[in-house]
Each structure stands twice: as structure tokens, then as C-alpha cells.
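Undergrad: The primary structure of each chain is shown beneath.
Protein chains: 2
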Amino acid sequence: MKQSQLFTKTLKEAPRDEKSPNAKLLIRAGFIDKLTAGVYSYLPLGLRVLKKIENIIREEINRISGQEVLLPALHPKKNWKITDRWQYKEMFKLKSREGKDFSLGWTHEEIVTPLVQNFVKSYKDLPVFVYQIQDKFRDELRVKSGLLRGVEFLMKDLYSFHRDEKDLNEYYEKVKKAYFQIFKRCGIGKQTFLTLASGGTFSKYSHEFQTLTPYGEDRIYLCPKCKLATNKEIMKEQNYRCQKCKSQKLEIKKAIEVGNIFKLKSKFSEAFNFKFKERDGKERLILMGCYGIGLGRLMGAIVEVHHDKNGIIWPDSVSPFQIHLLSLERSSRVEKISRKLYKDLQKGGVEVFYDDREDKSPAEKLIDADLIGLPMRMVVSERTLARGCVEIKKRNQKRGKLISISKVKKLI
Amino acid sequence: MKQSQLFTKTLKEAPRDEKSPNAKLLIRAGFIDKLTAGVYSYLPLGLRVLKKIENIIREEINRISGQEVLLPALHPKKNWKITDRWQYKEMFKLKSREGKDFSLGWTHEEIVTPLVQNFVKSYKDLPVFVYQIQDKFRDELRVKSGLLRGVEFLMKDLYSFHRDEKDLNEYYEKVKKAYFQIFKRCGIGKQTFLTLASGGTFSKYSHEFQTLTPYGEDRIYLCPKCKLATNKEIMKEQNYRCQKCKSQKLEIKKAIEVGNIFKLKSKFSEAFNFKFKERDGKERLILMGCYGIGLGRLMGAIVEVHHDKNGIIWPDSVSPFQIHLLSLERSSRVEKISRKLYKDLQKGGVEVFYDDREDKSPAEKLIDADLIGLPMRMVVSERTLARGCVEIKKRNQKRGKLISISKVKKLI
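Those protein sequences? They're chains A and B, same order as listed.
Per my numbering, the very first residue in the first sequence carries number 229; after that it's consecutive.
Per my numbering, the very first residue in the second sequence carries number 229; after that it's consecutive.
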């Protein structure tokens, strides 16, 4: 894409009310726009990142047999009365002109459970794995962490349905692996730790995936040896010892929860009286699990982990484009070579963001490139052309190097 | 995909409260599920259709330089007070715990106008074309047409920003062509007519795209010669004559509006005081256009147009799979050949839906295949194998034909 065509622009200043690095950088670089607290628009660059994250998640969840659906955001009161969660205080409520009560979904157990119940009658129909990537709403107070905590936010929510606990446990472990794979592919694998958390009334533990970042809202206790983390609540129960190696040498770290997995067991199947016929002819309650990842939050976490004082440093896998091609000066030679490289790179299947802007100085272009943060920068200037070269530099490295124009194709 | 793996099943009966062919067929065939009036879930087969429609729309709108964004569904009251549309009666309203007033977006002029205003200052920044594919909400009364009228529905909404009327008019004509291309690619080109409608206060006319169907909620006056339609309101003004050829031989038809395009001119730029600096240094108001297509409605319209008494007849371009492969009987030979064909077709890049269900009779499989409505059916049975063949039949043709198994590859 040509940068001159993009309707957004980088901003010199971040909005004053944004304190978190993710919001400041993503807004300044033109990835998102704040409509009101906790409610953001995704601009063209931001949407490209979001779609890449979405595709990584989709691939990994499809790999563990997830079947994708799209459930409504608007939920009738009836469903939430059945589970006695209509009073949940973070849930937005509204009324239609005809007087019907609705809520806006912040999770979908109340919708997916009766939906799957329509189709599952026998052990032969099990297990079932259903997921969606869909907009959620949560009436949060005092949101101030950019994409890390949204009032409206995109989420991948997966629900699993099983005939027994063994099957649920096996799938739960599969999801754990898929989640590690997702966070690894999104470039935050090293910073993300499985964290023991409370399982509520249904299960002893649930698991969170916590990514270390100074702006995280959570505190976790990390065992540097086992790489296992524990949240505050559980840590107290365990007398501040690692659950695995019993060590007390734990590090207290700030972190942000990028995913969670939860054994719901029969909580929702009981509420909806969702039973199936076992091989022996007896009726049994379905067991369930639920598994969430916030897409915007994940995008925010990636920026929290990967940035420096000059801007974002996108991991390859989620970067809106792979190469930022800068036509540094306005000379016919520089522009001609730049245009040719732009076409050649595109033909080679490379996603190129081409800074062809005519009203920007070389310094402005270089500053913008650092702010936007594509993993690779390719500069064409009089200086590089004098040596028959372009300069390429990785965003996470200090120095670039000159390569001859004829070798650019090999680079791809 | 193997049909035995799909968690949904076909239903013998449509829900009693659904009257429209699209809802009855889509629910029975397992494409959608009704949560409450006007609010539907997309099940795996339905989501596949929706994604294909989405991709066709995205390709055509990208072709006319649309830049994709994703705007929030939750809108602050403030934006709607500026344009004096806060009282719009079909708009859902809600309050946060902190007492903030929100509405749920049924259109996005109030959001996209100030967003683009952030970035556009000069004639050099124009024109701008921004679109999204996003969830909308409309508090409709007595909805009863399945996907043709939703309370919650996915929409593609495109907004254009121009420096003068000439530029707006030119783009408006481009969108018209892109829309025809979209409806043609979705298989309803022949049934869809450009229809003159009221332009409200901003413009003499706007244009609707109306698809002829007996369940349509609108009435249009169609000139069989010019292929131009006019809605009731405008027809009256024109004394029931074709605007183009002045003929009075018009056909009155039932139709459903699948898209509309509208010149907003300066209505919204005035409200937001959105001006740009012209070449002569003077400030002028931006001119705008808006262009919508409802994705679910389009899916419903396709089914209204393409079905028979046995089920849906999907056009190739939007069908969830291209071939329905039926392993008709449970014999090791039939199953072995079916499995091999399934693999070969997939390797050849064909999207195959493979009916490998063990608990269904041949008759049940054939009935389900007609109901689900993939464009091509391939049957493997003892009878076909006795002749070294499979039977292939197009869904829209009465008779199938036998082709030898060795020729299946060539077919691809």
C-alpha cells in the first residue's frame, strides 16, 4: 500500500488522557482511535494487525477441531435468568420499544449452551467444540489501559462439551497447548506464563495466561525455575511456594491476562438441563469448558512488550506489512527506483508499505517509520543509490546495512 | 469437512413462527439459529456463506479504493446530539453504571465523520473512502422475514468524502457499478434492479438495489424495457411513467432492498463543522456519500431467489462447499472409494462436504443434500461402483450423470 493513499496520519502528540504505552503508541501511529473510554476504532493499519491475530487464533483453534460460529451480541433476559446471572453488574442492559429486556453479551455460555443442546442428544454426538470471534461488551469503571481493558472488545470464545471428566481434561490440555502456540506465534511466547488462578466453585484451579509488562493490572508470583506462575489469591493458599517445586524464591511481576481457560463442568448444563444419553441408555449431564482470548487486549499486550522510545516494534507475524519502503528524497532517480522496488516486492508476495509521500522530509519519514514499527525498513536515497544500493534495517536493530539493488530480489 | 463431525443437524420441521422461505430453509438446513425475533446465530455452514459474501464485498469495495476500518457498536450520546438524531426511534439506548448514555449503532455517520475529520485538513487529503463490515442494531417492531430484516445484523457501510460535487458524483457512479458486480457475483444479478428512491432533503434521488422475490417487503415499479425500477413514492411524483423512456407499461413487483447508495452532501460535515482548505486557500465544507449492503439480508435474498420445494440451491460463489460427496451405503467398497475421492478432491483444492454419516439411510442423505443445497452432488453407491462410476448431479438440474472414477480428477 502507498502511504500517501492512507487516510490516517501519524500524530505528534498522544491524547493527554492516555497513559498506557499501548494506547499512546497505537493512537500516535494511526492504528486505533479512541471514541470514548474503553471504546476504540480500528483504523486501516490496526485492522490489518487485528486480522493477522484473528487468523493465527483461527488456525490454532481449527487445529483442535473448533467449529466456528457467530453468535449475537443482543441477548434476551430469559437466557440469563435461567443461570441466575441477570444481575451481573458489568452487564449492559437495555429495553426494546416493545418492552423486551436485552443484555449485551460479555460472554456466551447462556447462548451457546441451549444452541448446542438443540443438536446433541447422545454420546455419539460428543464431544463438540464451538467457538466464535465476536464483539463483547462490559460495563467497566475507570478504564485507563488502552486496549488492555475494553468496554467493547473483540474476543475469541471457545466452548467445549463432553461426556465425562476424562474427555474434558484431555481437551483442556489440548487448549493449553494451542494457547501457548498462539502467544508464541504472536511474538509474546517468552513473556507469557501459565498462571494458576481460582477455579471458583466448579474446579480447584483455572488457568490464566499472563504476559509480563510493567503496565499490567495483575500481580503474579513467578517461579523462575519452573516457569509456572500463580496469582495472588492462590499464592496465599499455598503459603507463597511454587506449586511444582515448592521453592519460595518467587519473583513478583506485573502482568496482563491475555487468555484464560476454565472447566465449567456441569454448571451450565444443570441450569439448562442439558443431558445426553450414554451408551448404557442412562441420561447424564454434559460437562463443559470455556476458553477465552481477547484480541484487542492481545494486540495491546504485544505493543506493551515490543516497543522502544521511538515507537512500536511489530513481530513479523502480526505486523500490518512486512517491509516499510521509504523513498527518502524527491528526485526522479530515487522515485523511479522506489516505484520499481515497490512493484517487484509486491510481485514477490511481500506486503509492502511504501512511503511515497511528497510533502514529508527525510527526517519525518524516518521518524514515522520508527513509530509505525514495521519489522524491516528499506530506504532508497541519493546516498544509497550512489553505491547502487538500498539500505535495509531491522526495526529491532541499531544499524542498517547496504545491499545492492540487484540482490533485493534474492532477499525475498 | 466430514458431515459426521459437524455439530449441527438438519431439522425435519421449521419453527412454527417462521414464515419466510429464507428463515425456514436456513434453519432447517442448519445454517442459522433463531435466538429471538430478528436475532440469529450463524452456525458453521451459515458462517461459511457469510464469509464468502463478505469476501466478495471486500474485494469489490477494495477495488474502488475503500479503506477498511472497524468502528465500535457502542456510541456516546454526544455524537448523536451533534446531528440531532438522538431521538431516532429505532435506535437502542442504554446507560452505563457511571451514568453515561450510549446508543447502539444502526449507522455510522456520527462516528466516521469526526474520525475522518481528525486526518483531513486540505484538498490534498481528499477524496477518502472508508468502509467497515460490522454489526448493527435496530429496534424494529414485528420482525418476521428471517434474515431479510434483522434487529441485529451485519452490514457493509462505506462512506466517501469529497471536495466537490463532481468528485462525489463520479464516485457515486463507481459504487453503483461495484454494487451491480457484487450482486452479480452473489448470483442475484438478474433479479436485482437499480431503483429510484427518495433522496430526502439532500439530493433529488437516492438509489436502492431491489431484488425481486415474492417475500419482499417493498413494491417497485419496473420498466421491462429500461430495466429501471422506481419505488412507490417517486412513482407517484412521476405520474407512473418510467423516468427514462416515459413508458407507462410498468410491472409492479415485490422486492427486497439489498443495498442502497445515498448522496449525503454536506449534511454531516455541517453538523461537525468539517471543512477543508481548498487550493485557493479558502475553507469549504466536505461533501459525503454513504453506501450500505446488509450481509445477512443479502444471504436471505439469495435463498429467496434460489430454492425449490426440496431446499436451497446455492450459487457456486457463495456456497459453503462446492461439492457434496455422499457415501450412500455402508459397504467397505463404497466407503473406501468415498474416502479416496474426499482426499483427492481436497488435494485438488475443491471444498468438499463429505457425508460419511453411518446412521443415515441413503434416502435421508439424498434429502439432506437437497435441503443443504450445494451446487454439485457426487454420489458413491454400489450401483455406481458396479459401473466403475460415481453419479454427479447439479442441484439445479433434474438428472445426474455417471462419470467414471478415473475422470473425477479431470472434472476438477
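Keep in mind that a hint or two might mislead.
Pairs count within a copy or across copies, as identical chains cannot be separated in the list.
As a list, the in silico EDC-like pairs of lysine to aspartate or glutamate whose alpha-carbon atoms are at most 16 Å apart [said to hold, decoys possible]: (1) K328 <-> E318; (2) K230 <-> E296; (3) K477 <-> E619; (4) K279 <-> E579; (5) K564 <-> D584; (6) K230 <-> E563; (7) K309 <-> E393; (8) K349 <-> D587; (9) K247 <-> D353; (10) K247 <-> E282; (11) K372 <-> E498; (12) K323 <-> E368; (13) K493 <-> E557; (14) K564 <-> D508; (15) K323 <-> E461; (16) K453 <-> E557; (17) K460 <-> D446; (18) K588 <-> D353.
No lab work stands behind these hints, which were simulated from the structure alone.
Values in this document were obtained by computation on a predicted structure and should not be read as measured data.
Undergrad: Indicate, hint by hint, whether the structure satisfies it.
TA: Quick rundown of the hints versus the structure:
Taking identical chains as interchangeable, the C-alpha atoms of K328 and E318 lie at most 16 Å apart only when they sit on different chains, with a minimum of 14 Å there against 20 Å within one chain. Proximity of K230 to E296 under the C-alpha cut-off of 16 Å is restricted to the inter-copy arrangement: shortest distance 15 Å between copies versus 34 Å within a copy. For the homomeric pair K477 and E619, neither the shortest alpha-carbon distance inside one copy (47 Å) nor that between copies (70 Å) is at most 16 Å. Taking identical chains as interchangeable, the C-alpha atoms of K279 and E579 lie at most 16 Å apart only when both belong to the same chain, with a minimum of 14 Å there against 23 Å between chains.
Taking the closest pair of Cα atoms, K564 and D584 come within 16 Å of each other only inside a single copy of the chain (11 Å); across copies the shortest separation is 58 Å, beyond that limit. In this assembly of identical chains, the alpha carbons of K230 and E563 lie at most 16 Å apart only when taken from the same copy (13 Å versus 53 Å across copies). In the homo-oligomer, the alpha carbons of K309 and E393 never lie at most 16 Å apart, since the shortest distance is 27 Å inside one protomer and 54 Å across protomers. For the identical chains of this complex, K349 and D587 are inter-copy neighbours only, at 14 Å across copies versus 66 Å inside a copy, given an alpha-carbon limit of 16 Å.
Taking identical chains as interchangeable, the C-alpha atoms of K247 and D353 are never at most 16 Å apart, the minima being 50 Å within one chain and 30 Å between chains. With identical chains, the CA atoms of K247 and E282 are never at most 16 Å apart, being 26 Å at best within one copy and 36 Å at best between copies. Proximity of K372 and E498 under a CA criterion of 16 Å is satisfied in neither setting, with 38 Å inside one chain copy and 32 Å between copies. In this homomeric assembly, K323 and E368 come within 16 Å of each other (Cα to Cα) only across copies, at 12 Å, whereas the closest approach inside a single copy is 20 Å.
Neither within a single protomer nor between protomers do K493 and E557 lie at most 16 Å apart by alpha-carbon distance, with minima of 63 Å and 38 Å respectively. With identical chains, the CA atoms of K564 and D508 are never at most 16 Å apart, being 76 Å at best within one copy and 31 Å at best between copies. For a Cα distance limit of 16 Å, the shortest separation of K323 from E461 qualifies neither inside one copy, at 38 Å, nor across copies, at 33 Å. Taking CA atoms no more than 16 Å apart as the test, K453 paired with E557 passes in neither setting, with 52 Å inside one copy and 57 Å between copies.
In this homomeric assembly, K460 and D446 come within 16 Å of each other (Cα to Cα) only inside a single copy, at 9 Å, whereas the closest approach across copies is 61 Å. For the homomeric pair K588 and D353, the shortest alpha-carbon distance between copies (14 Å) is at most 16 Å, but the shortest distance inside one copy (62 Å) is not.
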